[in-house]
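A.B. asks: Sequence:
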Amino acid sequence: MRHVHYSSKLMVFIICVSHRKFSAPRHGHVGFLPKKRSKRHRGKVKSFPKDDPQKPVHLTAFIGYKAGMTHIVREVDKPGSKINKKDVVEAVTVLETPPMVIVGKCLYKCERKAFTKASKKWQDEAGVKEIQTDFARMIKYCKVIRVIAHTQV
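Residue numbers (the UniProt record's numbering): 1 to 153.
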């Protein structure tokens, strides 16, 4: 028969406390993370809407800056809802859209489902005389016309 001898050393038990990550998980989504300064101050148009040939020629994007937020009181028009025909307070975003000036144009022609740049022209003083000839060439050769614009602010 064997004898087991225990030493008289003090045994220390360390109680592990869970990390905050597990004991109090995140409240809300991470759609606006990481919170850091923007690399560019201007907005960027990431996609343009599909062109409808039945509509007249028009610009499909316009630049605007977020100027701040405020709140409004409006009447809700949702039939069947508890808050139908009642006033509610909602947050709204204030957008600033300064006047724009067109300084150039990019003309594209369509070849095999891809756009190739036909020409790129910047606005100049002599360009006023060439407007009619440019429009005739644009209608004949180009499928997409994009303008280079900047704000007047």
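Since the hints were derived computationally from the structure, they do not count as laboratory data.
One or more of the hints may lead you astray.
[Claimed, not checked] Calculated lysine-lysine pairs in the DSSO-like style (CA-CA distance at most 30 Å, straight line):
id	residue 1	residue 2
1	Lys105	Lys82
2	Lys36	Lys105
3	Lys66	Lys140
4	Lys109	Lys143
5	Lys55	Lys39
6	Lys85	Lys46
7	Lys50	Lys39
8	Lys66	Lys44
9	Lys35	Lys143
A.B. asks: None of the hints should be skipped; say for each whether it holds.
C.D. replies: Checked hints:
no.	hint	verdict
1	Lys105 / Lys82	violated, 52 Å
2	Lys36 / Lys105	violated, 34 Å
3	Lys66 / Lys140	violated, 39 Å
4	Lys109 / Lys143	holds, 5 Å
5	Lys55 / Lys39	violated, 36 Å
6	Lys85 / Lys46	violated, 38 Å
7	Lys50 / Lys39	holds, 29 Å
8	Lys66 / Lys44	holds, 13 Å
9	Lys35 / Lys143	violated, 41 Å
Hint compliance for this structure: hints 1, 2, 3, 5, 6 and 9 are not met, and every other hint is.
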